[in-house]
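Novice: With the hints as extra help, turn the sequences into a complete structure.
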Amino acid sequence: MVSVLDLARVVPVVVIDDAADAVPLARALVAGGLPAIEVTLRTPAAPDAIRAIAAEVPDAVVGAGTVISAHGVDSAVGAGARFLVSPGWTDALLAAMRASGVPYLPGVSTTSEVVALLERGVPEMKFFPAEAAGGTAYLESLAGPLPQARFCPTGGISLASAPAYLALPNVGCVGGTWMLPADAVAAKDWNRVESLAREAAALLS
54 MVSVLDLARV VPVVVIDDAA DAVPLARALV AGGLPAIEVT LRTPAAPDAI RAIAAEVPDA
114 VVGAGTVISA HGVDSAVGAG ARFLVSPGWT DALLAAMRAS GVPYLPGVST TSEVVALLER
174 GVPEMKFFPA EAAGGTAYLE SLAGPLPQAR FCPTGGISLA SAPAYLALPN VGCVGGTWML
234 PADAVAAKDW NRVESLAREA AALLS
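Residue numbers (our numbering): 54 to 258.
Mixed in with the good hints, there may be bad ones.
In the SDA-like style, the derived pairs of lysine to any residue whose C-alpha atoms are separated by at most 25 Å in a straight line are [as the list claims (entries may be wrong)]:
#1 Lys-241 with Ala-255
#2 Lys-241 with Gly-197
#3 Lys-241 with Gly-86
#4 Lys-241 with Arg-251
#5 Lys-241 with Arg-80
#6 Lys-241 with Ala-108
#7 Lys-241 with Arg-95
These are calculated hints, taken from the structure and not from any lab test. Being a predicted model, the structure only gives us computed values, none of them experimental.
Specialist: Given below as structure tokens:
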């Protein structure tokens with residue numbers, strides 16, 4: 054199974070209110086060099102957005118974020134999500150993600166949660182909320198006692214801070230929203246989104 058952490062170094066985290074925006078937004082991100090796209094299940098439009106991207110943007114690898122239930126797992130995979138990301142985890146959610154057949158990242162913010170996932174045979178996880186939970190200093194501290202754990206930090210990361218995360222040995226990729234400013238998305242300014250995606254891809258490649 055392909056690792057989520059190896060899909061791309063930067064994963065845009067997308068909130069879509071109107072499913073009609075999904076395809077042009079995804080095309081802009083792909084054109085800018087960011088093909089792995091996490092569509093969060095925070096809006097009613099999310100499943101339709103995932104379905105549209107999966108069907109119409111073949112160069113995109115679309116996944117689902119904010120997966121917090123077995124129903125969310127089924128809905129996302131049924132819509133065509135090729136990976137799953139959760140902000141946290143329970144045994145029931147972990148079982149559903151594991152049974153889905155697609156790569157997944159359960160979310161952690163404490164050392165105990167990391168150890169618990171390692172006990173369950175899961176070495177790859179999302180670190181959320183990254184900046185609020187301790188940032189690069191926290192992840193660097195974890196690398197000593199828990200070198201087998203690898204992370205995708207998400208939450209408060211910017212173009213300026215992303216390189217410091219990506220320089221850590223236990224970080225495979227970062228998730229962020231900085232290439233999707235609210236005003237650009239609201240205005241459907243896909244050229245600006247593409248430009249910001251290209252900037253991120255160039256700096257972090």
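Novice: Any of the earlier hints contradicted here, and which numbers?
Specialist: 2
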